[in-house]
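Asker: With the hints as extra help, turn the sequences into a complete structure.
2 protein chains.
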Amino acid sequence: MKNIKIGLFGFGVVGEGIYKVLSQKPDIGVEVNKVVIKHLDKERNAPITLFSTDPAAILDDPEIDLVVELIDDAHAALEIVTTAIKRGKSVVSANKKMIAENHTTLIKLSKEYKVSFLYEAAVCGSVPIIRNLEEYFVNDKLKSIRGIVNGSTNYILNKMDENNESYESVLKEAQEKGFAESDPTLDVEGYDAAHKLSIIALHAFGKIIPYELILRKGVTSLQPFDFKYAKEKGLVIKLIAKCKTDESGELNSLSVIPEFIDKNTTLGRTNLEFNGVLIESSLADEQFLYGKGAGRFPTSSAVLSDISALRYHYQYEYKKGTLEYLPKNEGLAKFYVSFNNDYVVDNSIFDKIEEQYNDGKRTYLIGMIQWQKLQKSFILSNPNISLISSN
Amino acid sequence: MKNIKIGLFGFGVVGEGIYKVLSQKPDIGVEVNKVVIKHLDKERNAPITLFSTDPAAILDDPEIDLVVELIDDAHAALEIVTTAIKRGKSVVSANKKMIAENHTTLIKLSKEYKVSFLYEAAVCGSVPIIRNLEEYFVNDKLKSIRGIVNGSTNYILNKMDENNESYESVLKEAQEKGFAESDPTLDVEGYDAAHKLSIIALHAFGKIIPYELILRKGVTSLQPFDFKYAKEKGLVIKLIAKCKTDESGELNSLSVIPEFIDKNTTLGRTNLEFNGVLIESSLADEQFLYGKGAGRFPTSSAVLSDISALRYHYQYEYKKGTLEYLPKNEGLAKFYVSFNNDYVVDNSIFDKIEEQYNDGKRTYLIGMIQWQKLQKSFILSNPNISLISSN
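Protein chains in written order, with the numbering used here: chain A, 1 to 391; chain B, 1 to 391.
Please keep in mind that the hints were generated in silico from the structure rather than gathered at the bench. Hints may be right or wrong, so weigh each one.
No copy labels: a pair is met if it fits in one copy or bridges any two.
Simulated crosslink set (PhoX-like; lysine-lysine; CA at most 25 Å straight-line) [as the list claims (entries may be wrong)]:
1. K141 to K20
2. K111 to K2
3. K2 to K319
4. K5 to K320
5. K114 to K376
6. K20 to K319
This structure is a prediction, so every number in the text was calculated from the model and none was measured.
Answerer: Have a look at this one:
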């Protein structure tokens with residue numbers, strides 16, 4: 001079998017890791033021909049002749065079969081990926097934002113040009129969720145997928161719970177330890193989780209969901225008051241990315257919302273920077289995949305798996321379809337809403353309030369809210385209100 | 001694409017489940033043409049014309065592309081599977097004993113006749129461990145695989161721990177609830193786990209290990225005394241199937257031995273009838289797969305995944321090899337050994353004893369034992385001695 005020749009965009013920790021593994025293991029049959037980076041003046045642990053700042057050095061080289069795209073910028077990534085595909089090159093990418101926002105275009109292009117476009121590393125690092133949804137759970141009717149898919153946020157929630165500390169002070173510590181970005185917005189507001197959820201929903205249910213229609217509320221408004229409530233009930237708070245069908249089996253809602261979880265369950269025990277995904281299906285019952293969702297080695301592992309699958313011309317079949325779809329958001333669910341007393345929340349969002357409590361400073365309300373009402377509610381965007389799913 | 005035509009051997013809960021799913025979902029493109037069973041007189045939830053007691057009704061039918069073998073008897077299963085392969089039919093099997101004892105023959109035959117031979121359901125039911133080892137962890141250097149792969153035994157250990165009860169009384173309860181067979185030997189003595197471990201080791205390390213060389217000790221000799229020790233240290237006892245490399249990366253030992261596990265770890269929390277497999281690799285770090293390892297639906301789910309993969313002519317590539325190999329069993333490990341005082345155990349098995357304790361009735365010793373010594377030791381087979389790995 002002829003060697004695969006790779007062009008690498010980006011030489012951060014993951015890019016360098018992949019370069020290292022591939023050069024140390026020639027038997028894999030994959031060689032890195034060229035690496036395109038932004039700045040040539042940084043010192044690199046690889047021969048200088050390998051590098052270029054010109055994307056054309058990869059995209060115009062007919063020798064290169066495969067583009068591995070590992071840059072942060074989603075716009076630049078899209079440009080690179082679409083050009084590569086149009087030149088008949090297969091692509092491996094870890095850019096969840098770029099993928100989630102361009103499903104339809106990218107799938108159409110890769111079919112038209114008959115190339116593979118793989119992105120296991122974009123969702124939960126080394127946890128092989130996409131491959132398993134594509135290959136393993138094809139005939140099993142899925143009911144829901146619930147996942148902890150953002151390690152930074154999970155680390156922060158875990159520490160807030162353990163140390164009884166405010167979001168701000170835990171964030172600072174997490175940033176110092178390298179578990180959170182200097183601008184953590186994408187993670188802690190749930191954008192990153194929503195991108196991953198959108199990719200999961202496509203492979204699990206064959207539906208492409210407009211990203212804005214994923215109900216999303218991050219963790220920045222959560223207070224020690226909320227964690228105290230959770231602790232008293234033996235619960236923990238996790239940011240859960242969830243897609244769920246209705247009784248007829250149709251995809252009903254997609255959400256990234258903090259959720260109370262029994263601490264003695266698989267998701268409840270997914271702590272620190274770990275990721276866990278729970279697949280609920282008719283036949284296999286509950287299936288749980290757990291591992292490191294980010295970081296140099298786990299991400300490299302996922303990228304390498306994709307590269308290696310390409311030696312066998314693997315491509316996603318999208319067997320469940322690629323239909324653009326608006327989630328129905330029918331029915332209602334139980335939520336916990338809390339806010340300080342200097343703040344007034346209109347109770348009418350609730351169909352029915354089952355519990356309310358006030359400690360003189362802060363109030364919580366628990367009751368049933370219709371998904372469709374929640375979707376239009378200011379609660380999702382208001383930083384002074386905590387919202388926690390409570391089923 | 002032309003429909004796949006299946007011949008089914010066995011119509012127990014799994015066989016019937018698969019027949020049902022396939023007849024309710026014609027879009028899968030798979031139909032059951034014939035079912036061979038032992039007794040025609042039992043009532044079946046399917047048209048009587050579907051059934052036969054004659055294997056030739058399937059094996060001699062050139063229309064049938066795929067044989068799904070779901071019978072208990074390993075000898076009869078081998079006869080069916082080898083005949084089917086020789087007639088150019090692909091095979092899906094759930095018979096771990098048959099597979100583990102005939103790796104070399106079956107792989108050779110299926111290569112020679114260019115058919116697929118798949119068996120995801122043979123290892124941990126719905127947990128997609130074989131597929132992930134084959135496809136996903138190909139380039140990642142694996143260090144060890146440790147799994148709870150027998151649900152009956154795990155259920156029994158869990159109940160012994162929870163209720164402080166003897167093996168005998170818990171077994172009785174488990175049998176009444178259908179969690180243990182009337183003859184539980186294969187499960188509780190670790191034979192079943194060793195069969196599964198042998199299949200795992202083949203796909204993880206590319207080695208075929210003579211079944212007798214897997215160090216094996218079941219759970220029937222464990223006493224409340226042993227569970228008391230575990231509890232005091234925050235540990236639980238699990239029957240762990242384990243294959244482990246040495247520092248040079250070569251497969252060193254395969255064992256199915258009870259093990260003390262921190263109860264706050266992924267394996268420590270794999271309770272009741274659940275299965276969990278922990279893959280330790282250089283890149284992905286720790287990857288954990290968890291789900292139901294047996295039972296009607298989980299097993300059906302795995303069989304259906306294999307059937308569905310055959311629509312795309314999937315076959316195992318055995319990319320890590322299929323070498324017959326004798327484990328080296330080098331080095332030593334820490335073990336806990338306990339026995340009643342009317343019994344004498346020769347201490348010389350230990351290289352070094354680190355702890356010993358006697359409560360007037362029973363003794364435990366903890367110390368380092370060489371794998372090679374353990375392999376030849378009567379401790380493995382003696383029902384009066386508890387052996388627990390203690391690393």
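Asker: Decide, hint by hint, whether the structure agrees.
Answerer: Hint check:
no. : hint         : verdict
1   : K141 to K20  : between (41 Å within a copy, 14 Å between copies)
2   : K111 to K2   : both (23 Å within a copy, 22 Å between copies)
3   : K2 to K319   : between (29 Å within a copy, 16 Å between copies)
4   : K5 to K320   : between (32 Å within a copy, 22 Å between copies)
5   : K114 to K376 : neither (41 Å within a copy, 58 Å between copies)
6   : K20 to K319  : between (35 Å within a copy, 21 Å between copies)
Violated hint for the displayed structure: number 5, the only one.
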